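Visitor: Read off the chains here:
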Amino acid sequence: MSATMAEVPSTRPRDDVGELPATQRLLTRLMHRPLGVVSLAILVLLVVSAVFAPLIAPHSPNAISVVDRFHGPSSAHWFGTDELGRDLLSRLLFGGRIALGISFGAAAISTILGVLWGFFAGQAGGLLDELLMRTVDVVMAIPVILFALVLVAAFGSDLPTLIVIIGLLLTPASARLARSAVLAEIRSDYYRAAVALGIPRVRILFGELLPNAAPVIIARTALAAADAMIIEASLSFIGLGVPPPSASWGTLVKDGYSQIFHALYYVVFPGAVILLAIWALNTLGDQLQELLDPRTSR
Amino acid sequence: MVWYVGRRVGMSALMLALTSVLIFVVLRVLPGDPVTTLVGQTEGIDASQVAQMRHGLGLDRPLFMQYGSWVAGLFSGHFGVSYFSHEPVQTMMGGRIGPTVELTLVALLIAIVIAVPTAIYSAMHPRGVVDRAATAFASLGMSVPSFLAALALIIVFAVKLRWLPTRGYVSIVSDPLQNLKLILMPAAALAFTACAPILRFLRGSLGEVSEAPYIRTAEGKGMLRPTAIRKHATPNALIPTLTIVGMTVGRLLGGVVIIEYIFSWPGLGTLIVDSVFKRDYAVLQTSILFAAAAFIFTTLVVDLLYGVLDPRLKAATRESAA
Amino acid sequence: MRRSRSLTLLLAVCVVSTVAACGGSSKSPAANKSSGGTGSTAATNSAPASPKAGGTLTYGYTGGGLTSLNPNTINSGTEKPVASLLFDGLTQLGPDGSTQPDLATSWTASADQKTWTFKLRSGVKYHSGKTFTAKDAVANINYVLDKKNAAAQRKRITAITSVVATDDTTLTINLSAPDAVLPSALMWVYMTNLDTIGQVNTNGDGTGPFALKSFVADDHVDLVRFDGYWGTKPSVDAINIVRTADATSALTSLQTGQLDVLWGVDPTNVGTLKSDQNLTFLKSSSTSGVTILMLDMTSPPFNNIKARQALSYAVDRKSMAEAGYNGIADVSLANNPISSNSADYDSSLPTYDFNLDKAKQLFAEAGVKQGDTLTFWTLAGRRGEWTTMGQILQADLKQIGINLKIEQQETSTWTAKFAPAGKKYPNMMVMDFLSFPPVPAFALQFFTTGGCECNWNSTEYDALMAQALAATTDTARKAAEAQMQKMFNEQVPSVVLMQNATLVAAQKKVQGVWLEGDGTPRLAQASLS
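Residue numbers (the numbering used here), protein chains in the order written: chain S, 640 to 937; chain Z, 20 to 341; chain H, 34 to 562.
No lab work stands behind these hints: they were computed from the structure.
Please read all numbers here as calculations on a predicted model, not as lab measurements.
From the three backbone atoms N, C-alpha and C, an ideal C-beta is built for every residue, glycine too.
Don't take each hint at face value.
[Said to hold, decoys possible] Computed beta-carbon distance windows for the label pairs:
#	chain 1	residue 1	chain 2	residue 2	range
1	S	Ala-835	Z	Gly-147	33 to 39 Å
2	Z	Asp-79	H	Thr-89	43 to 49 Å
3	H	Thr-89	Z	Phe-316	39 to 45 Å
4	Z	Val-120	H	Gly-290	50 to 56 Å
5	H	Pro-459	Z	Gly-75	28 to 34 Å
6	Z	Leu-82	H	Thr-89	57 to 63 Å
[To be verified] Now the stretches of chain S that chain Z is said to cover, found in silico as 3 or more residues with beta-carbon under 8 Å:
#	segment
7	703–714
8	779–790
9	838–845
10	909–918
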């Protein structure tokens, strides 16, 4: 296998029965780190504003008013209007539903499929493992954007399709991680003991291993969500994002870019929001990873 | 050792073969084909004419036969002929590889030139001003999609300040100054996203290595800590960084597609995007395969270098081979 | 502390972006409301100072690339400007929209308009040195007529039964049916060197004012002046035709002076360009490009005339022209493919003023129920204004209970759905831009059987077309064309939104460039002062 940077998680077998599950301990420790708090707070803010968009948006995101085109930020429209006179702030709020929806959806798919794939390969070992991981390598060899471009061109760009395509493209990285987790545990005593006791592998994997590996997988999911958002924004920028009148943040950046000569606000606000969201997701993922790796926590 | 190298090379070859099948199959799934685009909306073309054109281009043969001809062609140096411009694919790609390689290398160079000294300096003076600024910068850099970086650069340097041009390419041999002006923004946009992971990883790696016992030994022998880090820690930290550089090339190859599109940089990325839109299979197959091959090759080289440079790995290999 | 550094940086980003945004916004200046083409004024830039000879003209275009230099197999607007630089036809389009001699000096027709004799210029040489004779004309016309070459012009000259080179400078064309506009139809049949047509991308061998220096598909074409040209020598030494896929980047390049002429300016940026002292907009003498919503007349619901008429009432043409083209378009309320500036335009036709109630009623009568969904099929990444206009229609149709789904596809997928003619696409409307020359007959001819992807197979319409082509007097032709326009207005084979042209902007120092009716620039006589 190639000696790439496989993130070998340092999981420990579950302690005595009275301890909190690994995930909850992780969250508590996260709250003590300032960057962790900030990134989580930003994410919560973005998610909440997306979920409650219909309630907090000042206008309907699709309310066309041709006479109000390209008005700069004003008291009526805090972030200005677009080429059809629609309120940009409202479009950003509703755009969050799409951007975050795709990002989280794709991350979830990649994690679920990746765990299944990686666990299966890891515990299978031998030729089957080689074969499965070779497939992973092959898919990762093709630059993600190109692959996404080709698949979206083939299968369309409506919301569910985008989630599935991006989710599939991010699965290999999760699969690798899940497999490392399995490999790290297979040599441990408790695993061998469980196998010797006749406990079915599936129960060991999903009953013992998964909860212990959960923190690492959660960290990876956060990073996958960041990657998914980048891919989706890039696709939208080329014009292969969700169909109108829906618009994700990436679509708004694309539309704004053609107006930079006279309406700079139109590209700056969506761009800043994308940056914020990706930063928060990346930072959250990093913080979680730092917590889990005793060597680098300072 | 030979066994290790042979195994790795064999694996890479297998991966390349499998990737070629994947690429071929995926492309055929796409609706429409080169004939549809060739015909476009020309008036008065009927279905029988379309069928005839398809037959002429060999597009109605069974898939595995088409795949077979392609692969056979690759081995004999015939990469196919574009369905549109009727140029041989190797000529088309040949002209495009240069600009892409140049852009990727310059971006990588900028990234390394910024990341490596900064990481070393930060490690030498941990928790100082530079260290903290670098950490923040790296964190930001990893969150910026390269196209956003490109847009920001264009808005500032082209639209507002009008210092730099936003499109075009001249070869470095014909006009080095203009080449520099044209490559600056696209390479900077790419470098911005590539720099961050290298910086972070090297800094983290240096941080780890700095705590190693042999550093303390060096200090005990009278060496100043920053010097010890520079002289002893750095070479050890650089080895795993090679891996990151390898992975960064993969990221760069992905990012280069959109950057080339934004700046009208006549490279492989623009060629691929145009060919996707036109369903020019002949060009697409070979160029995507080439991009994947570049990535596989880079990973192979990094792995081999890793195996060669890291004495621990060599020892482990010898042990397991024994 | 580490925390504060990261947070400070984050805060800085937020502040900077807000400041930049507020600083950069401005109400867009009132868009120029002039609609296209007044028809009377000459289209060329009037040159105050005498132009300097020499220099290199850089012409940029946006969107899809130029993949082939063969002028007779052109299927994209981006390839058109190069054709007239490298090649000549027997006749050519004049700046005022008339048909002018090119390689043919004069022509006559027999009384029944079925036999045409063209006298050709002598002493004309190709760039390669070969002499042009009537034999080449025969070969090229047959090339276009040959179905396997998929030449766009074939449809306009199908009546030709045989072409003969009577002598080196005389060409005889025999037709199966009378065609009074044959000389105009030949304007886009180019005289290539068929001996070497297979390598046209490397030799670009034609008789035109410029010769090929280098060509990289989808990227650039470099041309140099051909000093052996038979006609007026060009003023500039060279023309570089470059592609900028991204429209914003193209505009920046124009503003910084990297480009001299830009084809494909985003209409929403018209205000910015107008305020730039160094730039000017070019206009054609008569706008003849048409933006339409193409419908499939052989599938539901648009096989029902009421549904088509309903759609014509449902489109708010004025708002669409305003939002999509900044008002720089000629709204076609009478649903007519011919421009209102044309002499053959029938102004007595009833109009389809924007009326959602009428649309609702007609849709219902056609069987389109509340809650039904129709699809709006458009391009991704190009022609953003189509998506803008589609959203207006989407909002309007929603008001009368009909859902419009907007689907953006990249070019291959988009074309594959409705082309070539004969395909069925139910419940769908396709937005498209048709490039017609200012000759009204050709705009109308597009909609004859087998021509339009709207699948309008009307023998009555076809008969009127034949009548118009055969007409020897203006009155007769106008009468036939008026009938056709009436049929078109009634039947709505496609919803015609407006006449417009692709916008072209240039540096003020560029003189001598004029535009065809659809916006295609003619660069041969350009000069840089």
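Visitor: Check whether three or more residues of the segment 779–790 of chain S sit with their beta carbon closer than 8 Å to a beta carbon of chain Z.
Guide: holds (count 11)
Visitor: Honestly, do Asp-79 of chain Z and Thr-89 of chain H meet the 43 to 49 Å range at C-beta?
Guide: holds, 46 Å
Visitor: Would you say the C-beta atoms of Pro-459 of chain H and Gly-75 of chain Z sit inside 28 to 34 Å of each other?
Guide: Check passed, 31 Å falls within 28 to 34 Å.
Visitor: Closer than 8 Å Cβ to Cβ for three or more residues is the test here. Does the segment 838–845 of chain S pass it with chain Z?
Guide: With 0 residues in contact (Cβ-Cβ under 8 Å with chain Z), the coverage given for the segment 838–845 of chain S is violated.
Visitor: In this structure, is the beta-carbon distance linking Ala-835 of chain S and Gly-147 of chain Z contained in 33 to 39 Å?
Guide: Roughly 53 Å apart at Cβ, these two residues miss the hinted range, so it is violated.
Visitor: State, for the Cβ atoms of Val-120 of chain Z and Gly-290 of chain H, whether the hinted interval 50 to 56 Å holds or is violated.
Guide: violated, 30 Å
Visitor: Taking the Cβ atom of Leu-82 of chain Z and the Cβ atom of Thr-89 of chain H, is their distance within the range 57 to 63 Å?
Guide: violated, 48 Å
Visitor: Do the beta carbons of Thr-89 of chain H and Phe-316 of chain Z sit within 39 to 45 Å of each other?
Guide: holds, 41 Å
Visitor: Do at least three Cβ atoms from the segment 909–918 of chain S come closer than 8 Å to Cβ atoms of chain Z?
Guide: holds (count 5)
Visitor: Between the segment 703–714 of chain S and chain Z, see if three or more residues pass the 8 Å beta-carbon test, and mark the coverage as holds or violated.
Guide: violated (count 0)
In the structure shown, a violation is registered for the earlier hints numbered 1, 4, 6, 7, 9, in ascending order.
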